[in-house]
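S.K.: Got chain A sorted already, so can you dock chains B and C onto it with the hints?
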Amino acid sequence: MLNQQTHNATPTKSIAKKLSGAYGDKVAKVFMQTVALAILALLFLMVYLLFEMSLEAIKEFGFGFLTSTDWDPIMEEFSALPFFYGTLVTSILALLIAAPISVMVAIFITDILPVKLGQVLGLFVEMIAAIPSIVFGLWGLFFLAPIVREQITPLLKSTLGFLPIFQGPSFGIGVLTASIILAIMILPTITSISREVFKSVPQHQKEAALALGATREEMIRLAVLRPSFSGITGAIVLGFGRALGETMAVAMVIGNSSRISASLFAPGATMSSVIANEYAEASAGLHLSSLCYVGLLLFLVTLVVNSSARFIVWKFSPIARSARKDKRA
Amino acid sequence: MNQFKFRKVRNKLFLFSLSIAAVVCLAPLIMVTSFMLQKGAASLDLDFFTKLPVPVGEAGGGMLHAILGTIYMVTLGSLMAVPLGLIGGIYLSEYGKGGISKALRLATDVMTGIPSIIIGIFAYILLVVPFKSFSALSGAVALAIIILPVVIRSSEEILKLVPKHIREAGLALGLPRWKVILFIIVRGNLSALFTGVMLAIARASGETAPLLFTAFGNMYLSYSPMEPMASLPVQIYTYAISPFEDWQRQSWAGAFVLIILVIGVNLGARFLMNPKALKNFLKRSSS
Amino acid sequence: MTSKKNVLEVKNLQAWFGKFHAVKGVSTDYPEKSITAIIGPSGCGKSTYLRCLNRIHEEVPGARSSGQALLLGQDIFAPEVDPVELRQNIGMVFQKPNPFPALSIFENVVVGLKLQGIKNKAKLLETAERCLRKAALWEEVKDKLHQQGTSLSGGQQQRLCIARALAVNPPVLLMDEPTSALDPIASAKIEELMQDLKEDFTVIVVTHNMQQAARVADYTSFLMLGELVEHGPSEIIFTNPKQSKTEDYITGRFG
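Chains as they are written, first to last, in numbering that gives the first Met the number 0: chain A, 0 to 328; chain B, 0 to 286; chain C, 0 to 254.
Just chain A, same shape as in the assembly (with noise of 0.2 Å):
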């Protein structure tokens, strides 16, 4: 090394090798910074602008945008509390529907189908989270509504007609159909995050529990769910920040009405769904600028809630503290 350079030590030489060596990290490393920095200056152009758009609205309606209860573009009186209800109740129904097979089939997966099966079915269903929403919204607007209509409702009604949720007329669309759609696409993230929360459940638990005689059902109980609490939690919790956002399949299907109803039959408007249908269309700065108002509004409960999965997974799963606990030891 020392030879080389002696031997072949020109002015010109040393300065490509500055470039080259410590010089060359350096202005990488600078490169690079100032492109994360460029990133992030992105995100909080994002937050600012929505911000700055929604003022208008916010001047005028304050608070009360979420307690009173009209919604009416002509008399430029506006409200989110019927998209926000909207938005809750969907994401709410399809959570209920997803989370019970989600972690199913999360077990079934992990812990009952052998390991190649078993990655075909994950294969299977992880397409579902390929499939763009767009398609979704037509094959609920042509294939689910009328089922919905036709089987879902008079079965629903003859056996739970007595419950306020389940009265009144249905035309197909609406949100129990725009919840059916929202569970079906929430369906992967929930049982995919479940997976890895029962992959991290150590062998040797599952086979304490065998060698107490427990059966699968018992050692699943005992071994895989029980410590699994609060990643199956976090789970779901991501699945619900995933339904809060997802537009076009529930704009299809949902019927955009503004009005809050008490019946899953009726049609109902969710906050990413009204954005969808009136942005275009939104002329007068008001009516824009609440509509921008409802996006902030979506943005921040989305943060609130995929921070708290995030936080609930990583820090109150028992598993991952005993895995940290390994990792110390």
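A few of these clues could be false.
[What the hints assert, rightly or not] Straight-line Cα separation of at most 27 Å, DSS-like style, residue types lysine-lysine; simulated pairs:
| id | chain 1 | residue 1 | chain 2 | residue 2 |
| --- | --- | --- | --- | --- |
| 1 | A | Lys314 | B | Lys7 |
| 2 | B | Lys7 | A | Lys25 |
| 3 | C | Lys122 | C | Lys32 |
| 4 | C | Lys23 | C | Lys244 |
| 5 | C | Lys118 | B | Lys7 |
| 6 | A | Lys314 | B | Lys159 |
| 7 | A | Lys25 | B | Lys159 |
| 8 | B | Lys50 | A | Lys198 |
| 9 | C | Lys4 | C | Lys241 |
| 10 | A | Lys198 | A | Lys25 |
| 11 | B | Lys96 | A | Lys115 |
| 12 | C | Lys120 | C | Lys133 |
[Claimed, not checked] If the Cβ cut is set under 7 Å, some of the chain A residues that face chain B in the computed set are:
| id | residue |
| --- | --- |
| 13 | Ala279 |
| 14 | Ala283 |
| 15 | Ile311 |
[Stated by the list, open to error] Every beta carbon over 10 Å from chain B, so not counted as near; a handful from chain A, in silico:
| id | residue |
| --- | --- |
| 16 | Glu51 |
| 17 | Glu55 |
| 18 | Phe62 |
| 19 | Leu80 |
| 20 | Ala129 |
| 21 | Phe228 |
Hints are computed from structural coordinates only; laboratory data are not their basis.
Ideal Cβ placement from N, Cα and C applies to all residues, glycine included.
M.R.: Using the frame of chain A, we list chains B and C on its own:
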């Protein structure tokens, strides 16, 4: 003994209900794809790919403009997002300890969680409001913002899998770090990085919400970035909620093309990419 | 010693992982209330052999076994035997302490009984105390029975796992390198405990530690490459083995 029998029955019931859950979970996938295969494939013809829409009420016509529009905007968006995303991902995997990287990782998490409709609003405020017109450019920017965090995450996950000793071997040869990164680490994982990028692009190609009020849509061929532009997903949406049967038929055909494209890229990627990186990536991206 | 009746008689036991033949026809008798140690170089199949005896080996994908093992005269591999029921009669303690996370110390001990449908709180408490005393852990945990089992130290956790296995009251207790993850003081406690256990249980322990085998075991089996090389009273195996392979191993010439 009775107790034991009860436990065994409960075990059987449990296993049975798990299989039922798996069937219930797969049923929608099968129903959606078979619906699209039936209705979509039957509605598909050569006109779909080669013709422009015909005036309302007339039958026939195709979605050439929307197909080209999607390709146009996705390409433009990828050109903006992919380089930035790769640099961000490389930065996170190679210099992932400092404050900026922590902030970037958090920002990436936040960006992935933002509903795509809100990204649409942002692109609208940024580009539609000042230029007073819906534009292909604003659509491309919206798609870029969707692609960006996905590329950052996938490339970080892929490069993190490169064992430490390979980096050290490169440094021990007397190579500066940036050369090790560029010529050993990145070059050695080009195909995996490429697949991650393809997955991100595939996802963006199917997005509708961020294009609704950015690129908006039109019914003719357009190549100007400053004018509204049609895209396959938005065209499917417009046709689907229209009252015309022929338009609805074309919307099924469009959805069929879209689903084949997206699932094709996804399956292809799964068999190309390093399975472990893929797993990490999927775990994080589905959250 | 020879007058004792056999609790477990293993005849020509074989085990495979896929194509790999891990245990090649082992036959041994286990007299009641005795401790038998199984020694051998790592990878000799001693753990696999042990794991066949409560049929937990077959829970591993691709694993299978054949042969006979008579527990009080009943072949445990017979088709009418449910492995779940069998495991209530053959307890197991693992290499790594594995109390159930999210369960308290008390719950960990009585979990086997609860599975069997026993709900009587007084009986559960009584069993928990008896088994924790038996596992020499009672004095250390009696004031914190409702703390998490995983909050204990490694050695305490392992004794908790022993108490958990004892609570089901199995005639046979399998121990798979129960001290290999513990420090010497905690190991010594477990060894002491094993001597007490012998009064009520038949213990089969896999160990990589020959001194431990010599100290605690009445009988010792030496396994190599899946075959039983020699089996006999420990004092003979360790002082005057019949096979040269055994001698080579215990004198440290290989392994």
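S.K.: Evaluate each hint against the coordinates.
M.R.: Against the structure, the hints come out as follows:
Of the supplied pair hints, the one linking Lys314/A and Lys7/B is violated, its CA atoms being roughly 36 Å apart against a limit of 27 Å. Between the alpha carbons of Lys7/B and Lys25/A the distance comes to roughly 66 Å, so the proposed pair goes past 27 Å and is violated. Taken as a hint, the Lys122/C and Lys32/C pair is honoured in the structure, with Cα atoms around 25 Å apart against an allowance of 27 Å. Between Lys23/C and Lys244/C the alpha-carbon distance is near 17 Å, which keeps this suggested pair within the 27 Å criterion.
At roughly 18 Å between alpha-carbon atoms, Lys118/C and Lys7/B fall within 27 Å of each other, so this suggested pair holds. The suggested pairing of Lys314/A with Lys159/B holds, with an alpha-carbon distance near 23 Å, which does not exceed 27 Å. A distance of roughly 21 Å separates the Cα atoms of Lys25/A and Lys159/B; the hinted pair therefore holds under the 27 Å criterion. For the suggested pair Lys50/B and Lys198/A, the alpha carbons sit about 51 Å apart, so the restraint of at most 27 Å is broken.
Using a Cα cut-off of 27 Å, the hinted pair Lys4/C and Lys241/C holds, with the two alpha carbons roughly 25 Å apart. Between Lys198/A and Lys25/A the CA atoms are separated by roughly 41 Å; this puts the pair beyond 27 Å, and the hint is violated. Distance check on the hinted pair: Lys96/B and Lys115/A sit about 37 Å apart at the alpha-carbon level, beyond 27 Å; violated. With a C-alpha separation of about 20 Å, the suggested pairing of Lys120/C with Lys133/C holds against the 27 Å cut-off.
The closest approach between the C-beta of Ala279/A and any C-beta of chain B is roughly 4 Å, which is under the 7 Å cut-off, so the hint is satisfied. Proximity of Ala283/A to chain B is violated relative to the hint, the smallest CB-CB distance being about 14 Å (cut-off 7 Å). Checking Ile311/A against chain B: minimum C-beta separation of about 12 Å lies over 7 Å; hint violated. Look at Glu51/A: its CB is around 8 Å from the nearest CB on chain B, not clear of 10 Å, so calling it non-interface is violated.
At the 10 Å boundary, the C-beta of Glu55/A stays outside the reach of chain B, the nearest C-beta of that chain being 13 Å off. With a closest Cβ-Cβ approach of about 21 Å to chain B, Phe62/A is found to remain outside the 10 Å limit, as its non-interface label requires. Annotated as non-interface, Leu80/A keeps its C-beta farther than 10 Å from every C-beta of chain B; the closest such distance is 19 Å. For Ala129/A, the condition that its CB be more than 10 Å from all CB atoms of chain B is violated, with the nearest at approximately 4 Å.
The claim that Phe228/A is not at the interface with chain B holds, since no C-beta of that chain comes within 10 Å of its own (minimum 18 Å).
When held up to the earlier numbered hints, the structure conflicts with 1, 2, 8, 10, 11, 14, 15, 16, 20 and fits the remainder.
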